[in-house]
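Asks: These are the residues of each chain, in order.
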Amino acid sequence: MFVWDGIHLGSEGAGFEDSPPVPELVTAVAGKLSTILATRAPGPIRIMVAGFCLHGHALGKAGTLICGFPPSQAAAIRSYARGLCLLTGGRIRLVPHKMLLGRPKSGKLLLQGPAGTLHEASQRMAEFRGLLRELSSTRMGWQELAFAELAANTVRYGLRGRMAVYGDHTGLSIWARDDGPGIPLHLLPSCLLVTGYTTNQKSLGAGFPTIVRLANAMSLATGEEGTIVLIRLNSVPLEVE
Amino acid sequence: MDVNIQQDGSSVVISVEGDLDFTVREGFESEVRRILSRATDIVLDLGRVRFIDSSGVASLLSLCEDADAVGVKVRIRHVDRELVEILDLIGVTGVLPLEE
Chain B
8 MFVWDGIHLG
18 SEGAGFEDSP
28 PVPELVTAVA
38 GKLSTILATR
48 APGPIRIMVA
58 GFCLHGHALG
68 KAGTLICGFP
78 PSQAAAIRSY
88 ARGLCLLTGG
98 RIRLVPHKML
108 LGRPKSGKLL
118 LQGPAGTLHE
128 ASQRMAEFRG
138 LLRELSSTRM
148 GWQELAFAEL
158 AANTVRYGLR
168 GRMAVYGDHT
178 GLSIWARDDG
188 PGIPLHLLPS
198 CLLVTGYTTN
208 QKSLGAGFPT
218 IVRLANAMSL
228 ATGEEGTIVL
238 IRLNSVPLEV
248 E
Chain H
4 MDVNIQQDGS
14 SVVISVEGDL
24 DFTVREGFES
34 EVRRILSRAT
44 DIVLDLGRVR
54 FIDSSGVASL
64 LSLCEDADAV
74 GVKVRIRHVD
84 RELVEILDLI
94 GVTGVLPLEE
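Protein chains in written order, with our numbering: chain B, 8 to 248; chain H, 4 to 103.
Don't read these hints as lab results, they were simulated from the structure.
Below, a list of computed lysine to aspartate or glutamate pairs in the EDC-like style, where the Cα atoms sit at most 20 Å apart:
id: 1; chain 1: B; residue 1: K112; chain 2: B; residue 2: E248
id: 2; chain 1: B; residue 1: K209; chain 2: H; residue 2: E34
id: 3; chain 1: B; residue 1: K209; chain 2: H; residue 2: E32
id: 4; chain 1: B; residue 1: K209; chain 2: H; residue 2: D71
id: 5; chain 1: B; residue 1: K209; chain 2: H; residue 2: E29
id: 6; chain 1: B; residue 1: K209; chain 2: H; residue 2: E68
Take the sequences, apply the hints, and build the full model.
Replies: What follows is the structure, given as structure tokens:
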């Protein structure tokens, strides 16, 4: 077991003997989960973060992690929530659905509507572009990109998707909900953090990782009820009344 | 998004104008795929593309792969600095055949 600044790194079984030196391993975990997977020979792996454990099985291929869970699903979810939060510097929070059903604590509702079909999502995209022009004279390309990636996901995974945008003078929050099958817990790290990982042949597998890079904060709820994402994008001062 | 196609022998220049994103992906792909069978060399001019997302990038990659499979060479030119920043963020700058 390696210990570094409160983060414990360890693995069990085959595949650990040929691991890179500890500093490289730590850097990989701190920076990008995919890096550690890419350097891993096939075999079981266990990543412990602040006492919480992510069990898995590296397949010796970048971006592939198949996780096994402890008997208690609730414990696994707590573990994931803590792990993802810590691995992303506190920017990703995995939360229950009910936490994301209401409006955010702050910000004025600026836009909302259905976004489950391509037509609906295209309309929301056009409205969002118009909104950005109203809010700031500065080009807000990153906000536009984040909205486009969320809208594309909403279309891809279900027909009853919805999107909303809230804002104040310090930035925007984008909310997106789909009624798809949800992201299986064991695929979450790959879907969120590994560019190129996708379960959909038509997708590049860059949507979520791009959103993660852009968002100052991201809350995500996923399960049989579908997936809800709320991201916060800080920005130049906006003209929100 | 508008797509303008100019053919000179077996060389084709496809000029794209507007936003290359998830809203136009299917239309863009069907438009450019028709060209593959009658070209040996394709230049994709993105000088008038204002915005691209990962769906647009997926279209470009798909075009490059399909072209490569039938021996057609693809080059992408006039990519705006803001577009390059997006491609960098998505992580595909080194994968696409971008011309200086």
